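Q: Protein chains in written order, with our numbering: chain A, 1 to 319; chain B, 320 to 739; chain C, 740 to 1194.
Hints are computed from structural coordinates only; laboratory data are not their basis. Among the hints, a few may not be true.
Distance condition first, Cα-Cα at most 16 Å in a straight line; then the derived EDC-like pairs of lysine to aspartate or glutamate [said to hold, decoys possible]:
#	chain 1	residue 1	chain 2	residue 2
1	A	Lys50	C	Asp1107
2	B	Lys605	B	Glu566
3	C	Lys1100	B	Glu436
4	C	Lys1100	C	Glu1065
5	A	Lys50	C	Asp1109
6	C	Lys819	C	Asp847
7	A	Lys53	C	Glu1129
8	A	Lys305	C	Glu1119
9	A	Lys53	C	Glu805
10	B	Lys373	B	Glu397
11	B	Lys636	B	Glu714
12	B	Lys664	B	Asp648
13	A	Lys223	A	Glu154
14	B	Lys540	B	Glu566
15	C	Lys874	C	Glu805
16	B	Lys657	B	Glu684
17	B	Lys560	B	Asp545
18	C	Lys999	A	Glu310
19	A	Lys201	C	Glu1119
20	B	Lys688	B	Asp648
21	A	Lys50	C	Glu1108
22	A	Lys149	A	Asp225
23	A	Lys53	C	Asp1109
24	C	Lys1185	B	Glu495
25	B	Lys507	B	Asp580
26	C	Lys788	C	Glu805
27	C	Lys899	C	Glu942
28	A	Lys305	C	Glu1065
29	A	Lys258	C	Glu1119
30	C	Lys748	C	Asp1083
31	B	Lys709	B	Asp648
32	C	Lys841	C	Asp795
33	C	Lys1054	C	Glu773
34	B	Lys522	C	Asp826
35	B	Lys526	C	Asp1083
36	B	Lys507	B	Asp596
37	B	Lys426	B	Glu588
Chain C is nowhere near these chain A residues, computed Cβ spacing over 10 Å in every case [claimed, not checked]:
#	residue
38	Met25
39	Val36
40	Glu49
Note that the coordinates shown come from a computational prediction; the quantities given were computed from them, not determined experimentally. For glycine and all other residues, C-beta sits at the position ideal for the given N, C-alpha and C.
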Amino acid sequence: MWSVVIALAPAALAACWFFGLRALMVIIGATLACVVFEYLLLRIRTNHEKALKLSIDGSAVITGILLAMNLPASSPWWLVVIGALIAMLLGKHLFGGLGQNIFNPALVARVFLLLAFPAEMTIWTKAQGIDKFANLDAVTTATPLGIIKSDGMEAFGAWMVESGTNLWSMLIGTTAGSLGETSALLLLVGGLFLIFKGYIKWYVPVSFIATVFVLTGLMWLIKPDSYASPVLHILSAGLILGAFFMATDMVTTPVSAKGMVVFGIGCGLITAVIRLFGAFPEGVSFAILIMNGLTPLIDTYTRPKKFGAEKVLRGEAHA
Amino acid sequence: MMEMLIPAGVMGGLGLLLAGALFAAAKKFYVFEDPRIGQVEDLLPGANCGGCGKAGCKAFAEMLVAGEDGNCPVASAESMEAIAEVLGKKLGGADPIVAHVMCEGLKSSANFNGLYEGIHDCRAAHLVGQVDRACSYGCIGLGSCVEACAFDAIEIYNGIARVIPENCVACNACVEMCPRDIIVMIPKGRQVFIPCKSLDAGKVVTKVCELGCIGCKKCVKVCPSDAIEFENNLARIITEKCTSCYECVDACPRHIIKVRDLSDFVVTEKDMKLSFDSVAAAAWAKRAEEKAAEEKAKLAAGGEDPEIAAKRAKFQKALDDARAKAQGDPEYAKKLPKIEEGFLKKLDALGPAPKATDIDPELAEKRAKIERALADARDKAASDPEYAKKFPAIEAGFKKKLAALDPTSKAAEHDAKEGS
Amino acid sequence: MSGKGHTFKRGGTHPPEMKELCDSSSYSILPNPELLTIATAQHIGAPAKAVVKNRDELTAGQLVAEAGGFVSANIHTPVKGIVRGLDMVHIGPVNSPCVNVKPADDADNVPGYEQDAPALDLGKYEPKEIIDVIKQHGIVGMGGATFPTHVKLSPPPGVKMDVLVLNGAECEPYLTSDDCLMRNHPVQIIEGTRAVMKACGIEKAVIGIENNKPEAIRILKEACAGIGGIEIMPCVTRYPQGSEKHLIETTVGRCVPPGKLPFAVGVVVQNVSTVAAVYEALQYGRPLNRRIVSVTGRAVKNPQNVLAPVGTSVKDLLEFCGGVKEELVEVVMGGPMMGRATSDITEPTTKGTSGILFLGKDEVVVRDEDPCIRCGNCVEACPMGLVPTEIMGYAATERFPEAIDAMDCIECGTCAYVCPSNRRLVHWIRLAKWELGRIRRREQMKQDQEAKAAK
Chain A
1 MWSVVIALAP
11 AALAACWFFG
21 LRALMVIIGA
31 TLACVVFEYL
41 LLRIRTNHEK
51 ALKLSIDGSA
61 VITGILLAMN
71 LPASSPWWLV
81 VIGALIAMLL
91 GKHLFGGLGQ
101 NIFNPALVAR
111 VFLLLAFPAE
121 MTIWTKAQGI
131 DKFANLDAVT
141 TATPLGIIKS
151 DGMEAFGAWM
161 VESGTNLWSM
171 LIGTTAGSLG
181 ETSALLLLVG
191 GLFLIFKGYI
201 KWYVPVSFIA
211 TVFVLTGLMW
221 LIKPDSYASP
231 VLHILSAGLI
241 LGAFFMATDM
251 VTTPVSAKGM
261 VVFGIGCGLI
271 TAVIRLFGAF
281 PEGVSFAILI
291 MNGLTPLIDT
301 YTRPKKFGAE
311 KVLRGEAHA
Chain B
320 MMEMLIPAGV
330 MGGLGLLLAG
340 ALFAAAKKFY
350 VFEDPRIGQV
360 EDLLPGANCG
370 GCGKAGCKAF
380 AEMLVAGEDG
390 NCPVASAESM
400 EAIAEVLGKK
410 LGGADPIVAH
420 VMCEGLKSSA
430 NFNGLYEGIH
440 DCRAAHLVGQ
450 VDRACSYGCI
460 GLGSCVEACA
470 FDAIEIYNGI
480 ARVIPENCVA
490 CNACVEMCPR
500 DIIVMIPKGR
510 QVFIPCKSLD
520 AGKVVTKVCE
530 LGCIGCKKCV
540 KVCPSDAIEF
550 ENNLARIITE
560 KCTSCYECVD
570 ACPRHIIKVR
580 DLSDFVVTEK
590 DMKLSFDSVA
600 AAAWAKRAEE
610 KAAEEKAKLA
620 AGGEDPEIAA
630 KRAKFQKALD
640 DARAKAQGDP
650 EYAKKLPKIE
660 EGFLKKLDAL
670 GPAPKATDID
680 PELAEKRAKI
690 ERALADARDK
700 AASDPEYAKK
710 FPAIEAGFKK
720 KLAALDPTSK
730 AAEHDAKEGS
Chain C
740 MSGKGHTFKR
750 GGTHPPEMKE
760 LCDSSSYSIL
770 PNPELLTIAT
780 AQHIGAPAKA
790 VVKNRDELTA
800 GQLVAEAGGF
810 VSANIHTPVK
820 GIVRGLDMVH
830 IGPVNSPCVN
840 VKPADDADNV
850 PGYEQDAPAL
860 DLGKYEPKEI
870 IDVIKQHGIV
880 GMGGATFPTH
890 VKLSPPPGVK
900 MDVLVLNGAE
910 CEPYLTSDDC
920 LMRNHPVQII
930 EGTRAVMKAC
940 GIEKAVIGIE
950 NNKPEAIRIL
960 KEACAGIGGI
970 EIMPCVTRYP
980 QGSEKHLIET
990 TVGRCVPPGK
1000 LPFAVGVVVQ
1010 NVSTVAAVYE
1020 ALQYGRPLNR
1030 RIVSVTGRAV
1040 KNPQNVLAPV
1050 GTSVKDLLEF
1060 CGGVKEELVE
1070 VVMGGPMMGR
1080 ATSDITEPTT
1090 KGTSGILFLG
1100 KDEVVVRDED
1110 PCIRCGNCVE
1120 ACPMGLVPTE
1130 IMGYAATERF
1140 PEAIDAMDCI
1150 ECGTCAYVCP
1160 SNRRLVHWIR
1170 LAKWELGRIR
1180 RREQMKQDQE
1190 AKAAK
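One chain only, chain A, in its complex shape (with noise of 0.2 Å):
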């Protein structure tokens, strides 16, 4: 579990970069509170040594660092606090501890906080160096995915000249958005990282992407005016985060590699729908969410074939 934070690790530390000390502190605080509150809630059901090691076997640790990603710099600290409860409380040991729950705990934790503090949630300071500490005179602006949702396609090209924002500047980590929404180029490194080494299975990543590709670009080729490019589309908003981070994780997803595949279109799709004629900007978290709900459904109609029969049987009665 370790190497995962080993490769969101470039990715982190570029947003510490990007957007100042302020950062650093947004990522420190979410990942202490999840392994403070990962103790807690294991002392409930076990003893202090057990819950200690099992606080730091690195699970804990990934959903702070994740959680953190799905924040805005600007994030003040009670909405960190609650978010690291959220995600250990709802997203995990309600639901019986590690490799017991449903849903990605992160994305608990980031819609949670989206529903009910939006304000807070989507304040996205620019990207000005960590020089510049952010003490939130800093100026915000927005992502290019809410200008598109907010203004349409023409503001919108009038608004990345205007902010400088570019598809290599999206493509480095330049723009705004939340922490782990804008180094695209670190993250993918990170997540190919992970899949070289096999800790992850490409079948998620490569699925997922896929469907976004294709579907915004079949938009984008009928009407160029109202719908951005495809590549704008997998460079913003977190979907490299989620692709490689979120929707890799192995708990929340299907056992077999059919599965994943399902699991990987069914998450582009949503994602893809949701940011074409939705009222979100982003749909990567919900999209992860809804597929997370429906993964023991995949999981029962993509068993493997066993040997040597016909076809897929589910536990049929054997001889």
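Assemble the complex: chain A is given as a structure, and chains B and C must be docked to it using the hints.
A: Coordinates of chains B and C only, in the frame set by chain A:
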């Protein structure tokens, strides 16, 4: 005004309509239930344990009211009587039973080797084989029975499972769970039993557990009621036939036969070494006293020192056995003269045998009768070769009967320290 | 996966081979130990029944226990000796009656296999006679399953087998006993193959050998060069290549349906050591009472292949191989994937013991189970297309009837090997299998009781 009346009227009318519908439905779809079912159900313990074989107390009550016979192992005798009253008939009941774990090889008295790293479940461990206990038949101690018990009536103590009888409702869950079939149901009240399930030969058992049955069969031999069955190196007492004479408890060289009242007994370190529970021990101590007094009287009337008499009987028996063996085995017959010499020397060393004067005339008559029969048999064997073949066994039988009459031969087995 | 060749499609893994520890270019013959413990329940089916008594004197190869039923096998003493008691012995979870044989002081050791062995004159045998010889000489599957060979070669009426597959895969790490036999005594294997082909009326045989045994492949290819019908097929080194069903898929491309046996697709599979034993029986009249055992692992001083009589204790083999070298953590009968750990080194070898591992602390990972994180490694790895984590989930929550898929598990251990949480997957699945059996037996008993009561 109308604004109040119309809604009130509508709501009231609706209410009346629905009430009428409910009333009609209640009448039309009414199911008659015998009121006795409810009464019986109230008298039952309500544990829904399934010990009666039915799916819960309500189902059992229905069965009883329908006329079938049944027994609730959990209910007290008073409850069953009350139920019998409600039903107006007698109920046949079985004796209340309780579970007991037939292995008392605690960590302190049995050998453990190996470190088990598998699943923490007795069934899974049994699949692996010996686990960490050196005895392949003993309690694994991982607690699957504890998991199975819904009544907190069994726990793990020092490496074995032990039953807490006051909580046990005899639902059989632990019996079915145990992969080695170590847990059995025993009637409540004082019982004599052998808590061991090892089918290993004696020489293996002595290496692995202080409390294992070595299959020496001494208990089988002394039991007057034929209540001990022996199969595959393991003795087992048949509860229905046991008369609680406690001869086997005395006879067992390892002191593993136990007398306990299982209604309230829980295995502890101290108890495992003791054969008797406190009440039985008192009874046994009294009997032992009476027997000792008898012996003393006989001794005073001119008998022999019991220790010497015991030795004498032992040597004599060994000598007789050797002679009998020589009859059948020519190889052995060659060695016989030397063996005989050895034993006769030992017998002489004990001193002269006491006179065969019996204190008891009845005993004397019995003895004379047997000795006559023995002499007759000897004569017959001298003339009839067929009979001669059977003679050693017949002679041994008579000698055994004679020895049984001799009051001093049993004295050595007396172990009054069993008390308390 | 490693190397070129054919292989099976689904699942599998490639653990470190560890073959170099135990040299397969030659083997030693074990001098007779003090005592041989010959178990009578050392094969699948009914235990054999002892036909000797205490203190009987035996000649080498004499029958000590005869088959106890149709699916059973004869058992013979490996050497001349005297019976020292009929006893019980614990072989893992099996409590088997046994015959203790003390080798005579002047008894020869078990004979090695012949170099330059002669070809068999199969013309003098009818197929049924060959099967009868196999039956009389107590030959059982030596790959580890110990299924009585004469039963395997006598399928139900109406079944026709057209391919004989020889299992020279030896996919378990550490073990090299089959490789040793293939390299040193190819004639016995080829001739034994011919005999089995004649016995079953089969015209085509394929010997599957993993490609990490290039010498064996080369030597066997040479040995069967002039003989029609026998083909050597190198296979990819992948576990479990030596699994019966997967070897059939690899060599002849047929998949045995779930719950069925190989004869359902017209195939019969035999281990190479087993057919060599068939040759020994036909050519020299030797019963199956000795075999090559790989004594290996980092904790034994001199790991080597040893030709040992059946009934040799683990302790005797350990001593012959120099004793323990470093801290011994685990003793395993068989290979590391499917073998069984034992805590009793007086345990005897059987006809199916292909190796004994003495593993040191660098070779054994002792870690508690962590919760299952549903990573899907086990699903990807299972060569039978099962979902091990699901079966484990049902077993762990006492929902055994729903764990019915456990009955299709071949217990290869691939799932447990790839599990990042160190779950004892095979153990859970075996528990499910056992409980399913128990539930079925209880149902049967209840039905029998009800039937009796009804009468």
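Q: State for each hint whether it applies.
A: Do the hints match the structure? See the list:
1. A/Lys50 with C/Asp1107: Answer holds: A/Lys50 to C/Asp1107 is near 12 Å, not above 16 Å.
2. B/Lys605 with B/Glu566: Holds: B/Lys605 and B/Glu566 sit about 14 Å apart, inside 16 Å.
3. C/Lys1100 with B/Glu436: Holds, at roughly 15 Å.
4. C/Lys1100 with C/Glu1065: Judged against 16 Å, a Cα distance of about 9 Å means the pair holds.
5. A/Lys50 with C/Asp1109: holds (12 Å)
6. C/Lys819 with C/Asp847: Distance of about 7 Å is within 16 Å: holds.
7. A/Lys53 with C/Glu1129: It is violated: about 27 Å lies between the C-alpha atoms, which goes past 16 Å.
8. A/Lys305 with C/Glu1119: holds (12 Å)
9. A/Lys53 with C/Glu805: With Cα atoms ~57 Å apart, A/Lys53 and C/Glu805 exceed 16 Å; violated.
10. B/Lys373 with B/Glu397: violated (21 Å)
11. B/Lys636 with B/Glu714: holds (12 Å)
12. B/Lys664 with B/Asp648: Violated. B/Lys664 to B/Asp648 sits at ~24 Å, over the 16 Å cutoff.
13. A/Lys223 with A/Glu154: holds (13 Å)
14. B/Lys540 with B/Glu566: Cα-Cα ~10 Å, so holds.
15. C/Lys874 with C/Glu805: Within the cut-off at roughly 10 Å; holds.
16. B/Lys657 with B/Glu684: violated (36 Å)
17. B/Lys560 with B/Asp545: Holds - the C-alpha atoms of B/Asp545 and B/Lys560 are around 7 Å apart, at most 16 Å.
18. C/Lys999 with A/Glu310: holds (13 Å)
19. A/Lys201 with C/Glu1119: With Cα atoms ~11 Å apart, A/Lys201 and C/Glu1119 stay inside 16 Å; holds.
20. B/Lys688 with B/Asp648: violated (31 Å)
21. A/Lys50 with C/Glu1108: Roughly 13 Å separates the two Cα atoms, so the pair holds.
22. A/Lys149 with A/Asp225: holds (13 Å)
23. A/Lys53 with C/Asp1109: With a Cα-Cα distance of about 12 Å, the restraint between A/Lys53 and C/Asp1109 holds, given a limit of 16 Å.
24. C/Lys1185 with B/Glu495: holds (14 Å)
25. B/Lys507 with B/Asp580: Distance ~7 Å between B/Lys507 and B/Asp580 Cα, so the pair holds.
26. C/Lys788 with C/Glu805: Answer holds: C/Lys788 to C/Glu805 is near 5 Å, not above 16 Å.
27. C/Lys899 with C/Glu942: Between C/Lys899 and C/Glu942 the Cα gap is close to 12 Å, so the pair holds against 16 Å.
28. A/Lys305 with C/Glu1065: violated (46 Å)
29. A/Lys258 with C/Glu1119: Within the cut-off at roughly 10 Å; holds.
30. C/Lys748 with C/Asp1083: Not OK: C/Lys748 and C/Asp1083 at ~39 Å, beyond 16 Å, violated.
31. B/Lys709 with B/Asp648: holds (14 Å)
32. C/Lys841 with C/Asp795: Given that 16 Å is the threshold and the Cα spacing comes to 11 Å, the pair holds.
33. C/Lys1054 with C/Glu773: Holds, at about 11 Å.
34. B/Lys522 with C/Asp826: holds (11 Å)
35. B/Lys526 with C/Asp1083: holds (13 Å)
36. B/Lys507 with B/Asp596: Satisfied, since the Cα-Cα distance of roughly 14 Å is no more than 16 Å.
37. B/Lys426 with B/Glu588: holds (10 Å)
38. Met25: A/Met25 clear of chain C: closest Cβ-Cβ about 30 Å, beyond 10 Å.
39. Val36: The claim holds: A/Val36 sits with its nearest Cβ about 21 Å from chain C, beyond 10 Å.
40. Glu49: holds (13 Å)
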